[in-house]
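*Asks:* If you want the building blocks of each chain, they are given just below.
Protein chains: 2
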Amino acid sequence: MGGFNTSGKSLDFLRGCTIDFDLKSGMSETAETGKRYLSEMKGMFADEAAFDALLAKGDTLVYEFHGLPLPEHEGDLAFGCSIVYPGKVGDEYFMTKGHFHTILDTAEVYYCLSGSGYMLLENKDGDCSAHELTPGKAVYVPKGYAHRSVNTGAAEKLVTFFVFRADAGHDYGTIEQKGYRKLIVEADGKPVMTDNPKWR
Amino acid sequence: MGGFNTSGKSLDFLRGCTIDFDLKSGMSETAETGKRYLSEMKGMFADEAAFDALLAKGDTLVYEFHGLPLPEHEGDLAFGCSIVYPGKVGDEYFMTKGHFHTILDTAEVYYCLSGSGYMLLENKDGDCSAHELTPGKAVYVPKGYAHRSVNTGAAEKLVTFFVFRADAGHDYGTIEQKGYRKLIVEADGKPVMTDNPKWR
Numbered sequence: 012m013g014g015f016n017t018s019g020k021s022l023d024f025l026r027g028c029t030i031d032f033d034l035k036s037g038m039s040e041t042a043e044t045g046k047r048y049l050s051e052m053k054g055m056f057a058d059e060a061a062f063d064a065l066l067a068k069g070d071t072l073v074y075e076f077h078g079l080p081l082p083e084h085e086g087d088l089a090f091g092c093s094i095v096y097p098g099k100v101g102d103e104y105f106m107t108k109g110h111f112h113t114i115l116d117t118a119e120v121y122y123c124l125s126g127s128g129y130m131l132l133e134n135k136d137g138d139c140s141a142h143e144l145t146p147g148k149a150v151y152v153p154k155g156y157a158h159r160s161v162n163t164g165a166a167e168k169l170v171t172f173f174v175f176r177a178d179a180g181h182d183y184g185t186i187e188q189k190g191y192r193k194l195i196v197e198a199d200g201k202p203v204m205t206d207n208p209k210w211r
Numbered sequence: 012m013g014g015f016n017t018s019g020k021s022l023d024f025l026r027g028c029t030i031d032f033d034l035k036s037g038m039s040e041t042a043e044t045g046k047r048y049l050s051e052m053k054g055m056f057a058d059e060a061a062f063d064a065l066l067a068k069g070d071t072l073v074y075e076f077h078g079l080p081l082p083e084h085e086g087d088l089a090f091g092c093s094i095v096y097p098g099k100v101g102d103e104y105f106m107t108k109g110h111f112h113t114i115l116d117t118a119e120v121y122y123c124l125s126g127s128g129y130m131l132l133e134n135k136d137g138d139c140s141a142h143e144l145t146p147g148k149a150v151y152v153p154k155g156y157a158h159r160s161v162n163t164g165a166a167e168k169l170v171t172f173f174v175f176r177a178d179a180g181h182d183y184g185t186i187e188q189k190g191y192r193k194l195i196v197e198a199d200g201k202p203v204m205t206d207n208p209k210w211r
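Line by line, the protein sequences are chains H and W. To convert, note that position 42 of the first sequence is 53 in the working numbering; the numbers rise steadily by one, no gaps. To convert, note that position 7 of the second sequence is 18 in the working numbering; the numbers rise steadily by one, no gaps.
Hints are computed from structural coordinates only; laboratory data are not their basis. Just so you know, these numbers come straight off a predicted model, no measurement behind them. Heads up, none of these hints are tricks.
The list treats identical chains as one, so a pair stands whether inside a single copy or across any two.
The calculated lysine-lysine pairs, modelled on DSBU-like cross-linking and capped at a C-alpha distance of 35 Å, are:
hint : residue 1 : residue 2
1    : LYS108    : LYS35
2    : LYS201    : LYS46
3    : LYS154    : LYS46
4    : LYS99     : LYS201
5    : LYS135    : LYS209
6    : LYS99     : LYS154
7    : LYS154    : LYS20
8    : LYS20     : LYS108
9    : LYS189    : LYS20
10   : LYS154    : LYS108
11   : LYS154    : LYS35
12   : LYS154    : LYS135
13   : LYS20     : LYS201
14   : LYS99     : LYS20
15   : LYS20     : LYS35
16   : LYS20     : LYS209
17   : LYS108    : LYS53
18   : LYS46     : LYS35
19   : LYS68     : LYS99
Based on the provided sequences and hints, a complete structural model is requested.
*Replies:* In structure tokens, the structure reads:
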């Protein structure tokens, strides 16, 4: 916090506030993260046998992210950090579930603070691309594109600072039902984009 | 850039793109900055004699910022870095002009990458506050608030990464005519917030 004539509340989205996000880890002393464990990702990775084998070893944390209680108003902006852990399910790298915005034609900005990976994009017409993320790169997720962060680093977390319209909403269902058309997998020790055999 | 099936354009806000912003300096190899020199800030600092004396020594750079050619659509987001140079006009620290958004009820997020200072906020009812910026602090500029970045550091630039709705627009006129109700000035070697004697 700190400042002059501030409300003193740690979260004040009506008069203004500051929130700390560590420039390397993305973690905050003010705001808690929501957590996604492997068990919550069932069906999202292509190799189901590898998924079951990994889950049998323990329900590991795949990613976490801040979900601040912003007013869901078209003039407000939701923000925070996304932290994707390193790991693989078979050849497929750890990733977020990925989602469209419920208000489809709303964009999002991600600014990479540490780690390395890709932002996998796909729109409803089937246009797919993957944009490389390294520290200091901002990726623009255009209106109408589902987006998924993929951590291709061997050991480091992929940390991004994100901002999107607070009323945009999350549509996870489309991806959960259909999957992504493309995967980011390791081949010969390097990340490549391949077709998803399970896409329907 | 880098990635799979990207358009290869350095700026592609329809299919997605990455843009580099150095995590310390805020500067980009892809995107140029707009620049505000001291001569363009006439009338914005309280001490006009100090302003004239400083300008007589040379037309120094006060701040720069990215203005990317985003579609001005309510679903798009403008983003980039703001870089405020260290310096003072009399006792008043170097700062940005400050502005309301033309679509008044739209927020903005600033994430501080380096340097130190304050985000000075003021709404049309006269509610004023200043929020401290240090590396890793994000400040939420709520709907309806004019916002100005003030660099209170002795030698370092104040660098922030910002995001706002791309159709929000800039209303500089209100501040240019009326000024801010409050100033951030140095007193006994420290920043303080004081009343602006020129506010009208």
